[in-house]
Amino acid sequence: MDAIFIQILNGLDKGAAYALIALGLTLVFGTLGIVNFAHGALFMLGAFCAVTFQKLVTISDRVRDEGVTAFVAYKETPYLEIWFGDTGATIIDYSVPLSILFAIPIMLLIGFVMERGLIKHFYKRSHAEQILVTFGLAIVIQELIKAYFGANPIPQPAPEILAGSANVGSWFGLGNNLVYPWWRLIYLTFSGVTIFSVFAFLKFTTYGMVVRAGMRDRETVGLLGIDIERRFTIVFAIAAMVAGVAGVMYTPILPPDYHMGMDFLVLSFVVVVVGGMGSLGGAVCAGFLLGIVQSFASMNEVKEIFPGIDQIILYLVAVIVLLVLPRGLMGRTGVMDD
Amino acid sequence: MTDMKKPVLNDMLLLFIFSAVILLMPFWLEPFGAAYPDLLQKFAIYGIFAIGFNILLGLTGYLSFGHAAFLGVGSYAAVWSFKLLTMNVLPAVLFGVLFAGALAAIIGFLSLRRSGIYFSILTLAFAQMSYNLAYSVLTPITNGETGLQLDRSDPRILDRMFSEGEPAAGLPSTDLFGVTMSGYPGFYFCAVILIVCFFISIRIFRSPFGLMLKGIKSNQNRMQYTGLNTRPYMQTAFIISGMFAGLAGSLLAVTDPLAGAERMQWTASGEVVLMTILGGVGTLIGPILGAALIKYFENIFSSFNDTVLEQAFSFLPESVLDVVVPLMGLFVGSGWQLTLGLLFMVVVIFLPGGLVEGFNRIFKFIRSGKKRKGLVEPTQDQASE
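Top line first, the protein sequences correspond to chains V and Z. For the first sequence, the numbering used here begins at 1 and goes up steadily by one. For the second sequence, the numbering used here begins at 1001 and goes up steadily by one.
The hints are simulated quantities; they were obtained by calculation from the structure and are not laboratory data. All residues carry an ideal CB built from backbone N, CA and C; glycine is no exception. Heads up, some of the hints might be wrong.
Taking lysine-lysine pairs in the DSS-like style, the calculated list, with each CA pair at most 27 Å apart, reads [unchecked claim]: (1) LYS124(V) - LYS1083(Z); (2) LYS124(V) - LYS1217(Z); (3) LYS120(V) - LYS55(V); (4) LYS1214(Z) - LYS1370(Z); (5) LYS1217(Z) - LYS120(V); (6) LYS55(V) - LYS75(V).
Residues from chain V that face chain Z, not an exhaustive set, calculated with beta carbons under 7 Å [claimed, not checked]: (7) VAL273; (8) PRO307; (9) VAL319.
If we strip away everything but chain V, and leave its shape as in the complex, we get (with noise of 0.2 Å):
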């Protein structure tokens, strides 16, 4: 029982963020229609955005180590903690959520230029030259990020206070056995809260609901005279956004390194087809599933029965339901049938 609950929750969090960038993905599929290939890169981009913030407030300067008697040391203390004390400390050690402030309004910046720059050119071509062209610009970050920071992995730790494991059993008088890290407890709440506030703002918002009318046909949209491409650049910025936050939170559970867009990207592609194109409540339940199928899969009692299962069940799965229901879970009819 203990063991069906610790995966289940193992898979919520990588769920977690298959589910955010799948989100963003097929935010921007169903509304611009664009396959974007370099949705990956803008979570990276979140992630590094963490880097950054976590950079800019270490920045520091060499001060006489009093601790030490015997000769003159020096050692590396950061200027928030010369001005500021046990604030300026307490500051480095939120970096992370911290970050969260700093990346959305860059995250925001960096999907309108991206929509306005090159995207928005390409709404009249093809599927598979949208997929090539920002397959090309996925590159060019990569790379970008990769000249700047380097090919290594930056370990990006949690607040001190969220390091450790909740003892989730107890909460439910399951035993002791139970225990999960608390920061990935905050990762799940997290993403729910974002899933959550963007279906508010599409459901709930007139803003939203004219983006919604603009996915189910955005001619007649612009015959009723809303400018409906303005606001298509305004949920790519937020597709941007979301996936931005979502590389920013995962920063502790994966140190960010500049391929982690590219290995995202992947399996997100595959949550998204899985879950249907366009369909934003089929890229959330698909992202969970996917990530709950995951980790059962490396269970190794299963991984007894069927060897290397684990390395496949992703794309086993994704082929199946491809094969079995053509438009994914919850696809609509008349998106992506060629």
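Given chain V, put chain Z in place with the hints provided.
For chain Z alone, kept in the frame of chain V given last:
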């Protein structure tokens, strides 16, 4: 594209010029610093890979993101042939092609049920499955992360049968009836196969089969309304394309007898897509051009470093040099992929037909300049949705 109008060059003439250019590569590439056998072999091998990919993408419009799986299978089959049977390259190439063809038949049978992006994702999923399995469960066959290598204790049944006495010390090398397949002989072997493949590709493009595939590309539904079952045609095109990839994979093993799983990763599939698009989809010569260009970038640009750059720009004043060299250094050396990505974006944005379209435009511009006729032909060569 040369759809309905007469091709500019007679096919036989084209083949002749092509063969001459390929076979004389060691000479005319000398000034570009690319005339060494390792690189020339890669030009030829990836040329074959791209030709095969182009038969699928260029003729049918189906974008496969999993062609690297066939490349990998071809390599593994060839190395196993070296290990078990003989160091002669002909069986290795044969097995590479056959196994890749068989895998393509299975993957194609399943993937071709869907079109558009679903097809791309299906092929990607199959290729990633092969890659992940090659790394994990199939380790007895693929030797996992280390990669499959030759060993002195390999059986090599046929070789043992025909040679008396103990073989020479060290690992044996691949050969074609006594000619060692490394260096220039290896290149010429690959080059001859490339020329044969190019010939096959011309024949396919001009054949009724090729026309049928082009018809499927421009409107599959309409083809079906005429009572035609398009699936066998698609399936055949997919298998042929997979066999070309397997051939390329086995040639990789011929020139360097080891096979690793990373050849099957999706980035490798992405690479062949890049090659084909960069050169020009649906053109005969484009994919080879793209393959050569990318391999040239990979080998030549990545070998540049700051010292080389400093020498190249040494005529500049010191202060300018300090700015220019780090800036240029971003684009060469380990950052050559940045150049590749930028180049690729530029091509997709401004020249959807690839480099070949670029040449055609220049050619047309010069001709129209001569005739003073402002005949502008619409460049609507991409298939309609």
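Hint numbers the structure violates, sorted upward?
1, 3, 4
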